[in-house]
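Listed below are the residues making up each chain.
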Amino acid sequence: MSNLAALPIIIPLISGILLIFLHNRMTVVRILAKVLTLGNLAVVAYIAYYIYQNGTITLEAGGWQAPYGIVLVADMLSIILVLTTNLVAVAAVFYAPSSLSNKQEHFYFYTFYFLLITGVSGAFLTGDIFNLFVFYEVMLMASYALIVLGGGRIQLRESIKYVLINLFSSVLFVTTVAFLYSVVGTVNMAQLAERVGEVEQKGILTTIAILFFFVFAIKAALFPLYYWLPNSYVAPNPVVSALFGALLTKVGIYSILRVFTLIFIYDPNLQQFFIWIAGLTMLFGVIGALSTNNIKLVIAYNIIPAVGFMILGIGLFNQTAISGTVYYLVHDMIIKAALFLLVGAVAYLAGTTDLRKIKGFMHHYPVLGWLFLLATFVLAGIPPFSGFIGKLLLLQAGLASDRVIIVIIGLITSFLILLSLMRIFIQCFWGEKDNDAYTVDKQAARKFTLPVILLLFFSVVLGIGAEFFYPIAESIGKYLMNPEIYIDSVLKE
Amino acid sequence: MSRPNDLILRSTTSLIAFILFGFSIYLYFAGHNAPGGGFIAGLMVSSAIVLMYMAYGFEAVNKILPINYRYCTAIGLMIAVLTGVGSFFFGEPFLSHTFGYLYIPFFGNKELATAMLFDLGVYITVLGITMTIILSIADDR
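Taken in order, these protein sequences are the chains called A and B.
For the first sequence, the positions run 311 to 803 when the numbering used here is used.
For the second sequence, the positions run 6 to 146 when the numbering used here is used.
You may find that some hints are simply not true.
To spell it out: a stretch of chain A is covered by chain B in this simulated footprint if at least three of its residues, at any positions, have a beta carbon under 8 Å from a beta carbon of chain B; those stretches are [to be verified]: (1) 325-331; (2) 364-377.
The calculated lysine to any residue pairs, modelled on SDA-like cross-linking and capped at a C-alpha distance of 20 Å, are [said to hold, decoys possible]: (3) A:K413 to A:F768; (4) A:K757 to A:N412; (5) A:K669 to A:F768; (6) A:K802 to B:E97; (7) A:K752 to A:L607; (8) A:K743 to A:Q629; (9) A:K413 to B:E97; (10) A:K757 to A:F768; (11) A:K413 to B:S141.
Here are the simulated distance ranges between beta carbons [what the hints assert, rightly or not]: (12) A:Y491 to B:L70: 40 to 48 Å; (13) B:A118 to A:S711: 55 to 63 Å; (14) B:G113 to A:Y491: 38 to 46 Å; (15) B:F112 to A:Y359: 47 to 55 Å; (16) B:S16 to A:F524: 50 to 58 Å.
Simulated from the structure, these hints should not be mistaken for laboratory data.
All C-beta atoms in this analysis are idealised placements derived from N, C-alpha and C, irrespective of residue type, glycine included.
If we strip away everything but chain A, and leave its shape as in the complex, we get (with noise of 0.2 Å):
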């Protein structure tokens, strides 16, 4: 049964490459990747029941035994951030035809929409750090194709910088594994943790580990680090904003969550390092978020205190605020994406993505209205919805480990985010009727709505079915911190 933890990688591969054959057939192409992405998700769906009752599968690929071969770990941590993916990839999938032009549809967006969730599947799925990096590289390379698909002005100019600083970030993070291999002599994630726990993380370890985290924090658009990611995230057409930031900051954090948790976890003084970044991150995210006029910016800018939300977790480093970060990263994945479909729907029925001029929207398109305020209260964790008990989960344990000045800032950043959020809300929704201003078309409005209707169920769900969701992070908060479970899994002695 250990091949099962390379399905979610293979199906999506499968499928992409399957879909260049069939490119000049538009709508056989587009039924054959609802279905493809539908099945991806139903077998996903099943690994993580399966996972669910016989614990972690690891699969060592060709036969090599696991710390000389490469070996995929597919336990609840990685199999849940996957099953998230999945979810979210549905509604892309369903939003994408009403949202892209037909010439962008036609330079493959599916196959690079499907090497992309290959690349995410495997960077949570796989247990050696080189291969992480390789699938970093996967995951990347279809983020160029998509960032400038279609070819608009300010898409090309924003791709230069994302290819520049992500091929930067590349070049460091290969240079990193160089080091901790020259150093520690395996790439294996397990057999890591154990060397590296063997001498304690002295010297030169503790320098490798501050690397990686530059290289993550990249990628995870962290302070002072993520400058370059709210303009070219908002630069693509919103189905791939909806992807990158739903999913590629995620896997920054996994990666920091995964190697922090399990390699280098000895020293206190970087735990210290990751709760004053997560507060800075935290309140310059939200001060670019009040700071823009332009909606799509607005909650690209929001990516940012989400993101410190999660290190603070990492940084807090104890059960409960481990329990806390994966309870929130997969709400965030959700609500990201369901928020930028909603913003790209907005942007695209009003013809403008400048909150000033648009105005009265609820009148036209009630549904999209309370929609966007249902996203808005999640987002911002008002109880009962799912962000509540992710932030809950995080204060509480910063409470409890005597950190009352982050708890604050999480509370003013939470606060921050509801108003910037509400400035839309009150600006573009309410307000007089503007008939001239837009034509209303309700039937491309009810396209739009349905992948953000599947997004934000589950987005409820998560936060009203905290009962049965929260003893499972909790479960995976307590496996984070013995990483000898993980350890024996892969080694097996």
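Fit chain B to the known structure of chain A by using the hints.
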């Protein structure tokens, strides 16, 4: 692209291209145990094709090699992935590899490995990608 007076280029190309084609096949079979392999062989065959494009021009080469290199890439990728997936049917872990010996007349007893199938995928992918890149840049006016 095609110039009437490059007699030397044309006559040497017709010779060199065939040497490159033959050598790329040799490299492909040498691969996976000795220096060589699908990647380098793919590059070599695409260099032969590029040489032909330079010597004879677009129309002539498109006529003798009517290949859509984008599909070429896809076919190569598909072969490589399916080779890995093949191990599923034998209950082995993903990407497992096996080999056997086969007597081929004239060449003698040769080792054949499933890694060669994967390498074939790499070969075709590299050919497809290289040609797509070069032709799109050359086409761009």
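Against the structure, the hints come out as follows:
{"no.": "1", "hint": "325-331", "verdict": "holds (count 4)"}
{"no.": "2", "hint": "364-377", "verdict": "holds (count 5)"}
{"no.": "3", "hint": "A:K413 to A:F768", "verdict": "violated (32 Å)"}
{"no.": "4", "hint": "A:K757 to A:N412", "verdict": "holds (16 Å)"}
{"no.": "5", "hint": "A:K669 to A:F768", "verdict": "violated (29 Å)"}
{"no.": "6", "hint": "A:K802 to B:E97", "verdict": "holds (19 Å)"}
{"no.": "7", "hint": "A:K752 to A:L607", "verdict": "violated (25 Å)"}
{"no.": "8", "hint": "A:K743 to A:Q629", "verdict": "violated (51 Å)"}
{"no.": "9", "hint": "A:K413 to B:E97", "verdict": "violated (42 Å)"}
{"no.": "10", "hint": "A:K757 to A:F768", "verdict": "holds (19 Å)"}
{"no.": "11", "hint": "A:K413 to B:S141", "verdict": "holds (18 Å)"}
{"no.": "12", "hint": "A:Y491 to B:L70: 40 to 48 Å", "verdict": "holds (43 Å)"}
{"no.": "13", "hint": "B:A118 to A:S711: 55 to 63 Å", "verdict": "holds (56 Å)"}
{"no.": "14", "hint": "B:G113 to A:Y491: 38 to 46 Å", "verdict": "holds (41 Å)"}
{"no.": "15", "hint": "B:F112 to A:Y359: 47 to 55 Å", "verdict": "holds (51 Å)"}
{"no.": "16", "hint": "B:S16 to A:F524: 50 to 58 Å", "verdict": "holds (57 Å)"}
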